[in-house]
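With the hints as constraints, model all of the structure from the sequences given.
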Amino acid sequence: MHMADALVSPVVGGAMWAASAGLASYAAKQVQKNLDESKVPLMGVLGAFVFAAQMINFTIPGTGSSGHLGGGLLLAALLGPHAAFLTVVSILAVQALFFADGGLLALGCNIINMGLFPCYVAYPLLYAPLAGKQPSKARIFIAALTAAVAGLQLGAFGVVLQTVSSGVTSLPFSTFALLMQPIHLAIGLVEGLITATALAFIRREAPSLLRHQTGASRTVLLTMLVLALATGGLLSWTASTNPDGLEWSIAAASGEEELTAEGPVHTFFAELQEKLSFLPDYNFKPDPEQAQLTEAKPTAWPAVAPGTSVAGITGALITLLLAFGAGKALQHAAKH
Amino acid sequence: MRNIVTAWLDLHYLDDLARQASFFHRLHPAGKLVITLAFAVTAASFDKYEIAGLLPLFFYPLAVMALGRLPSSRLLQRLLLVSPVVLLVGLFNPLLDRTPHDVAGLFTIAGGWLSFLSLTLKLTLTTTAALLLIATTKLPAIGAALRQLGLPRALVVQLLLLHRYLFVLLEEVGRIAQACELRSAPGKGLPYGAWGSLLGQLLLRTVSRAERIYQAMRCRGFDGEIRLLMLRPMQARDYWHLLAWCGFFLLCRFVNLPHAFGHFLLEVL
Amino acid sequence: MSHHTIDLTNVHYHYPDGTPALTGLSLHIGHGEAVAIVGANGSGKTTLLSHLAGLLFASAGEVNIGGYPVAPKTLSHIRRTIGLVFQNPDDQLFMPTVYEDVAFGPLNLGLPPASVEERVSAALQTVDALALKDRPPYRLSGGQKRAVAIATVLAMEPAILVMDEPTAALDPFARRQLINLLKTFSHTKIIATHDLDLVLDLCERTVILKDGRVLADGRTRDLFRNKPLLAEARLEQPFSMQACPVCSQA
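Chains A, B and C supply the protein sequences, listed in that same order.
Take the first sequence: its position 139, counting from 1, is numbered 139 in our numbering, and each next residue is one higher.
Our numbering runs 336 ahead of the 1-based position in the second sequence.
Our numbering runs 605 ahead of the 1-based position in the third sequence.
Please keep in mind that the hints were generated in silico from the structure rather than gathered at the bench.
Predicted, not measured: the structure shown is a model, and the values here were computed from it.
It is possible that some hints are incorrect.
[As the list claims (entries may be wrong)] Straight-line C-alpha distance at most 20 Å; calculated SDA-like pairs for lysine to any residue:
1. Lys33(A) to Arg489(B)
2. Lys39(A) to Leu564(B)
3. Lys738(C) to Met566(B)
4. Lys137(A) to Met570(B)
5. Lys137(A) to Leu540(B)
6. Lys738(C) to His348(B)
7. Lys39(A) to Leu661(C)
8. Lys738(C) to Phe503(B)
9. Lys39(A) to Val504(B)
10. Lys738(C) to Arg563(B)
Structure, rendered in structure tokens:
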């Protein structure tokens, strides 16, 4: 469930970057202050382990389908929330850089969805209290399943919120959520099952590794609350400034059929959108009059004047030719 | 789903590319990092229906490939493997967004198709940019740059250790997964009964490896702090380079170059 | 030069789960000696080395290095005296580049940058790996990794070199290069290994361990001629001696 750069608007991406950067520096401070120095190499190697283990496919009993490990919860159970969060950040960063999973702009979103939720929400609020100090095998299973499902539901919801408030997709909020949440229920169950099985093995073979099961401390809870409020605030702000997200939710709420949304309904929404949005289409254009004066500027939805489009297509072809030509020339120059 | 061997090969391949010594490779990593971010932000900030305006941005990846002596075919090939989920999400656009858009005054097209195409272009641009960064900059150098830009030491050390042991663990996990595959039904994943012990064994091995690394660190006076190599400061050419690219991105963002070209051409004719 | 001697007296060690690893081991190693520690798997070789480097502390008995007992308080001194080369170089090379890895120890000693630089270059020069200094460890061959791992230890300028299975996973050529390199070192050398041919080449003296204590201690050639002794220790005569008409006569 990696978010990708292409699905994220700079405002949403930037907001998530800011939130995750703040969280990462908090986690780093906690780790530098409290973590036993022997955990430094452990974090690194466990990160590599989770990364590699994500590539093994596991069959889900009774279904014939398969899934793989996400790892945030497992890391939290072994390292505690702060070190686990940093480890997830490093995994996501390497995936974004080397494997083009997600992307740099979407990295903040991914850190929130796959790091914050499992490490700082699901682990301290669900896993730790449910598993208890001396977890039995059954309690590990219950705790891991519950926490993993909750973590993935939150993560999936994060994806939906971020995508919709970025306004790149036309999927209405409710439809997208209805698509994402049930799929991630299944994925969450697999994640929980894999995590629980691995933890049960560790409990049997090396119980000393599972000693971090402390409940949520007050600072963690407080940080969580502040962050949740900040994230929610940022998201709703971007959502409200974004006409498309609004349009969808209104359309969904009023029960209009989207597939035939042409003609009067759409004109109505177009007008509504223009009235409601004070940051139209997030493209920082100066002001409406100027935008109309400079015809070369990408004009906002709904329509592009035909003349501009002929020019646009001709220009586009020339630009492409120029870009390729310049590239080839540079390549030639670099060889000599 | 990526396979472990491919991932390992990819890591090595990108590492090989990053080891070259072209003009672009020698630029300061912090500068390249900022350029890449600026590029991703620029591409993502375009309107959801924008197509023509995105095209001039292709000059950046093409120039880097040329200056960095990178094989464009291999890198573009990798793009095809990228995130089908994104395209899946995008594919709903043509279905749901039927706002008519005039194309060249010739025919009308649903806005959804435009936004889908725009999404695909953005995806291509941003993923290429990330790949190009890593194909021209070694990860340790990126780590040092992040440190220079003020990221917490614990995070940078974690990133570097993860990258270092990724090579080792991918090999190890790959061997085990292969051994399992040889003994399980073809085409299926690992049966449930085998999960626990396989993952658990791997985990235990990983933990004991971490213990040995810690011992090796202690033997050489480890006191909880890992001292990383410092980078040279940014030089004039690094700044010029950074300014030039950011200027180009801003130009692309605020002046629709293809439109301008088109108008110019139509007027001349 | 008493500060380079090693004394173990009646050392016992149990792992936390109760498994005994050392059971009354006593040993004296003098300055400049090259001593091989051999024995079957589980005979206590690695545990013994861990005691020398202060990674483990004896449950009973005493370990003395250069007149200092190995204890948490003396660790910084002990670790400057003893340089331990691990069995798997991947465990020892954890930094992003060879240079940074070799510099890790000297930087921890708090040396000024110039002398860190000097030590790193000297150590890499010694193992003939100066050209590799900008490479990451995962781009090295098995032999190169081993050489760099030794350089990381040499940069600490220890008086005593302790090595765990130095020739494990090396091809014959790399193994020969390593042996030639080790011959040039004037350090006190302690080598735990299954490679008895290496022992013949490098070590005058051999200590055979069995079940956590010393089974035999003497001149390498004498011990290796004693086939019943080797059999008792679950060892085998080195190949080079098996074919030799003179020394293979028991």
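Hints and how they fare:
no.	hint	result
1	Lys33(A) to Arg489(B)	holds, 12 Å
2	Lys39(A) to Leu564(B)	holds, 18 Å
3	Lys738(C) to Met566(B)	holds, 15 Å
4	Lys137(A) to Met570(B)	violated, 55 Å
5	Lys137(A) to Leu540(B)	holds, 18 Å
6	Lys738(C) to His348(B)	holds, 18 Å
7	Lys39(A) to Leu661(C)	holds, 18 Å
8	Lys738(C) to Phe503(B)	holds, 19 Å
9	Lys39(A) to Val504(B)	holds, 19 Å
10	Lys738(C) to Arg563(B)	holds, 17 Å
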